Amino acid sequence: MKSNLTAYFALALVCFFWGTTYLAARIGVTGFPALFFMGFRNLVAGALLLLFLVLRNRSFRWTWADIRLQLVPGFCMLTFGTGLVGWCVQFIPSGLAALLYATVPIFTILINMLARREERINAHVATGMMLGLAGVMLVFRDNLDYLTNRSSFLGICVTLASCVSWCLGGLYTKSFPGKTDSFFNAAIQMIAGGVGLLTLSAFNDDWTNLPAMRPQSIMALVYLIFFGSILAYASYLFAMSRLPAGLVSIYAYINPLVALVLGFLILDEKITWLTALAFTVTLSGVFLVNRGYQLQKRKNTLTLINSHE
1 MKSNLTAYFA
11 LALVCFFWGT
21 TYLAARIGVT
31 GFPALFFMGF
41 RNLVAGALLL
51 LFLVLRNRSF
61 RWTWADIRLQ
71 LVPGFCMLTF
81 GTGLVGWCVQ
91 FIPSGLAALL
101 YATVPIFTIL
111 INMLARREER
121 INAHVATGMM
131 LGLAGVMLVF
141 RDNLDYLTNR
151 SSFLGICVTL
161 ASCVSWCLGG
171 LYTKSFPGKT
181 DSFFNAAIQM
191 IAGGVGLLTL
201 SAFNDDWTNL
211 PAMRPQSIMA
221 LVYLIFFGSI
231 LAYASYLFAM
241 SRLPAGLVSI
251 YAYINPLVAL
261 VLGFLILDEK
271 ITWLTALAFT
281 VTLSGVFLVN
291 RGYQLQKRKN
301 TLTLINSHE
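Each residue of the sequence shown is one higher than the last, beginning at 1 in full-length UniProt numbering.
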């Protein structure tokens with residue numbers, strides 16, 4: 001019971017702090033090459049977390065097999081997942097990027113249904129997913145103009161592709177959880193993701209016309225290292241190891257709401273009645289997804305008990 005409560009608390013941290021990272025990334029890339037910024041953030045965060053583990057427990061045994069197991073999710077979830085979002089927010093608003101990432105639960109459910117037959121959905125989960133998607137579309141309706149701009153349209157397409165890559169990485173962590181703890185896994189994945197992004201930066205970032213480095217960009221980098229990467233990412237992996245993948249994916253519904261509120265408070269972006277309606281619809285979807293997995297777990301428990309009688 002205590003482990004479940006801790007997992008739910010970890011999920012709550014993910015829901016809030018990852019909602020703030022879109023705004024922080026948009027601020028950060030104004031003072032750094034985008035891919036370098038995201039790569040440096042993950043590499044430093046992973047190295048600091050690994051150093052903390054070494055200092056805390058020097059007898060902790062790591063093998064190459066343990067490290068190798070975390071490389072795939074590191075590349076999928078950080079290099080080609082959220083790492084690319086830092087590049088995309090140069091061309092689309094941070095709130096829109098967060099809204100596009102709300103498609104993650106849909107991709108997660110579909111991929112898990114194909115790859116993990118034991119994760120079936122019931123009517124509550126299906127309805128909740130549809131409500132969540134409807135809530136996202138209500139807000140997206142106000143951003144259709146971005147589809148007519150070539151750079152913005154490319155940013156939207158890359159963001160959606162990164163959603164799929166993130167889901168594949170999440171599925172890999174569920175299928176091959178490894179024997180090490182969540183913090184070690186997070187550290188190795190962040191280091192791998194950071195190295196991957198720095199490699200992409202070497203081939204894609206324009207180093208001839210560097211933007212002026214501003215204090216806000218440096219503050220955004222520090223914030224993302226400690227809160228967006230170390231705290232939130234480790235919490236995500238812990239929640240994924242304890243809760244159903246579809247339930248954990250509801251963070252993608254909460255993140256856009258956090259991003260929109262921050263945009264209103266910090267960037268003075270307006271919130272219309274359509275946005276307020278989206279809040280209500282989306283949160284209703286979150287409740288139904290949560291309720292659906294509770295009912296599914298109860299049904300599976302009863303089935304297991306009856307099979308032993």
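I should point out that these hints are in silico values taken from the structure, not numbers from a laboratory. One or more of the hints may lead you astray.
Stated by the list, open to error - Keeping only pairs whose Cα atoms sit at most 30 Å apart, straight-line, the calculated DSS-like set for lysine-lysine is: (1) Lys174 to Lys299; (2) Lys179 to Lys297; (3) Lys174 to Lys297.
Said to hold, decoys possible - Distance windows between CB atoms, simulated: (4) Phe287 to Asn204: 22 to 32 Å; (5) Trp64 to Asn149: 40 to 50 Å; (6) Trp207 to Ile266: 48 to 58 Å; (7) Leu277 to Leu160: 15 to 25 Å; (8) Leu110 to Thr272: 27 to 37 Å; (9) Thr272 to Pro177: 35 to 45 Å; (10) Tyr8 to Leu265: 25 to 35 Å; (11) Pro177 to Asn57: 17 to 27 Å; (12) Thr280 to Leu160: 47 to 57 Å; (13) Asn204 to Ala47: 33 to 43 Å; (14) Ala276 to Lys179: 15 to 25 Å; (15) Tyr8 to Thr208: 42 to 52 Å; (16) Thr208 to Ser151: 28 to 38 Å.
Model, not experiment: these values are computed from the prediction. Quick reminder that beta carbons are idealized off the backbone N, C-alpha and C, glycines included.
In rising order, the numbers of the hints this structure does not comply with: The structure breaks hints 4, 6, 12, 13, 14 and 16; every other hint is satisfied.
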